[in-house]
Amino acid sequence: AQTVTQSQPEMSVQEAETVTLSCTYDTSESNYYLFWYKQPPSRQMILVIRQEAYKQQNATENRFSVNFQKAAKSFSLKISDSQLGDTAMYFCAFMKHSNFGNEKLTFGTGTRLTIIP
Amino acid sequence: EPEVTQTPSHQVTQMGQEVILRCVPISNHLYFYWYRQILGQKVEFLVSFYNNEISEKSEIFDDQFSVERPDGSNFTLKIRSTKLEDSAMYFCASSAGTGGGYTFGSGTRLTVV
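Protein chains in written order, with my numbering: chain A, 80 to 196; chain B, 35 to 147.
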């Protein structure tokens with residue numbers, strides 16, 4: 080079974096600063112996917128970024144980037160030039176690869192991020 | 035951008051009553067899911083559904099729960115006899131397959147009183 084650990088329950092940062100959210104995971108799978116989801120106060124789950132384990136290059140989506148360290152089983156999210164709209168709960172999630180279709184997502188406990196004006 | 039639509043957004047029900055939560059997945063997606071989030075806790079997998087049958091279910095998904103895709107567009111979660119501990123946010127999600135990531139609906143907040 081897979082586990083996902085987010086060791087920072089809460090973080091806060093000044094607007095325009097950079098913040099890094101940590102995530103570690105445990106798995107015996109060699110091929111898998113990792114995700115960061117954002118949950119704003121509206122409670123909607125929004126996909127922020129996705130990483131395929133077989134790709135060494137770190138994924139980037141505009142101001143969001145990841146530091147994927149496969150050997151260390153670490154998958155941190157960096158938010159650059161943080162904005163007030165980034166205030167949300169952030170969940171790290173793991174999915175093992177399947178040739179038969181999508182597998183379930185295993186989530187961490189989340190990090191509540193507050194951007195301070 | 036295509037959306038996953040969930041109705042209702044909030045439902046209050048008495049303990050012991052049956053509830054049906056409804057979802058309309060993205061039309062060309064093949065895989066459908068229900069997840070649950072008890073307030074302040076992490077998101078937990080309930081069930082996955084493909085080709086009109088359950089692919090996988092968690093230990094949470096006991097005999098009180100069932101899923102159905104009755105008409106090719108809707109995807110429903112039924113809780114037969116609700117308990118207080120079923121109070122949670124229920125998320126429907128769909129995907130096209132092969133690790134592409136899900137699209138989640140905006141959730142149904144279920145309150146059992």
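Keep in mind that the hints were calculated from the coordinates and are not lab data.
Predicted, not measured: the structure shown is a model, and the values here were computed from it.
Incorrect hints may appear among the rest.
Unchecked claim - Derived DSS-like pairs: lysine-lysine, alpha-carbon spacing no greater than 27 Å straight-line: (1) Lys175/A with Lys152/A; (2) Lys157/A with Lys76/B; (3) Lys112/B with Lys149/A; (4) Lys76/B with Lys152/A; (5) Lys152/A with Lys134/A; (6) Lys175/A with Lys149/A; (7) Lys157/A with Lys134/A; (8) Lys175/A with Lys134/A; (9) Lys175/A with Lys157/A; (10) Lys175/A with Lys117/B; (11) Lys175/A with Lys76/B; (12) Lys112/B with Lys91/B; (13) Lys91/B with Lys76/B.
Unchecked claim - Covered stretches of chain A, as calculated for chain B (at least 3 residues, CB under 8 Å): (14) 119 to 126; (15) 185 to 192.
Stated by the list, open to error - A few chain B residues that face chain A, going by a derived Cβ cut-off under 8 Å, partial list only: (16) Lys76; (17) Val77; (18) Ser82; (19) Ile88; (20) Glu90; (21) Phe95; (22) Leu118; (23) Phe125; (24) Gly131; (25) Tyr136; (26) Phe138; (27) Ser140.
Just so it is clear, CB atoms sit at the ideal spot from N, CA and C, and this is done for glycine as well.
Hints and how they fare:
Restraint check: the Cα-Cα separation between Lys175/A and Lys152/A comes to about 14 Å, which is no more than 27 Å; the hinted pair holds. Using a Cα cut-off of 27 Å, the hinted pair Lys157/A and Lys76/B holds, with the two alpha carbons roughly 21 Å apart. The straight-line distance between the Cα atoms of Lys112/B and Lys149/A is roughly 39 Å, outside the 27 Å bound, and the hint therefore fails. For a cut-off of 27 Å, the pair hint linking Lys76/B to Lys152/A stands: about 20 Å separates their Cα positions.
This hinted pair checks out: Lys152/A and Lys134/A have alpha carbons roughly 14 Å apart, not beyond 27 Å. Straight-line distance between C-alpha atoms of Lys175/A and Lys149/A comes to about 14 Å, which keeps the hinted pair within the 27 Å bound. Taken as a hint, the Lys157/A and Lys134/A pair is honoured in the structure, with Cα atoms around 18 Å apart against an allowance of 27 Å. Distance hint between Lys175/A and Lys134/A is fulfilled; the C-alpha atoms sit about 14 Å from each other, no more than 27 Å.
Restraint check for Lys175/A and Lys157/A: the C-alpha separation of about 23 Å stays at or below 27 Å, so the hint holds. Of the supplied pair hints, the one linking Lys175/A and Lys117/B is violated, its CA atoms being roughly 32 Å apart against a limit of 27 Å. Only pairs whose Cα atoms come within 27 Å are accepted, and Lys175/A paired with Lys76/B is accepted, the gap being roughly 19 Å. For a cut-off of 27 Å, the pair hint linking Lys112/B to Lys91/B stands: about 14 Å separates their Cα positions.
Between Lys91/B and Lys76/B the alpha-carbon distance is near 17 Å, which keeps this suggested pair within the 27 Å criterion. Note: the stretch 119 to 126 of chain A has 6 residues with beta-carbon separation from chain B under 8 Å; the three-residue rule is met and the coverage holds. Chain B is given as covering the stretch 185 to 192 of chain A, and this holds because 5 residues of the stretch bring a CB closer than 8 Å to a CB of that chain, at least three being needed. With a least beta-carbon distance of about 5 Å to chain A, the hint placing Lys76/B at the interface is held under the 8 Å criterion.
Against a cut-off of 8 Å between C-beta atoms, the interface hint on Val77/B holds, since the closest Cβ of chain A lies about 4 Å away. The interface hint given for Ser82/B holds, since its Cβ lies 6 Å from the closest Cβ of chain A, which is under the 8 Å cut-off. With 8 Å as the threshold, the beta carbon of Ile88/B stays out of range of chain A, its nearest partner Cβ sitting at about 12 Å, so the hint is violated. Because the closest C-beta pair between Glu90/B and chain A is about 6 Å apart, less than 8 Å, the hint holds.
Hint status for Phe95/B: violated, given a least beta-carbon distance of 11 Å to chain A, over 8 Å. Nearest Cβ of chain A to the Cβ of Leu118/B: about 20 Å, over the 8 Å cut. The hint is violated. Because the beta carbon of Phe125/B sits about 6 Å from the nearest beta carbon in chain A, less than 8 Å, this interface hint is met. Here the hint on Gly131/B is kept, as its CB sits about 5 Å from the closest CB of chain A, short of 8 Å.
Contact between Tyr136/B and chain A, as hinted, is supported at the beta carbon level, the nearest pair being about 7 Å apart and thus within 8 Å. Nearest Cβ of chain A to the Cβ of Phe138/B: about 4 Å, under the 8 Å cut. The hint holds. Hint status for Ser140/B relative to chain A: holds, with the closest Cβ pair at about 5 Å, below 8 Å.
The earlier numbered hints that this structure contradicts are 3, 10, 19, 21, 22.
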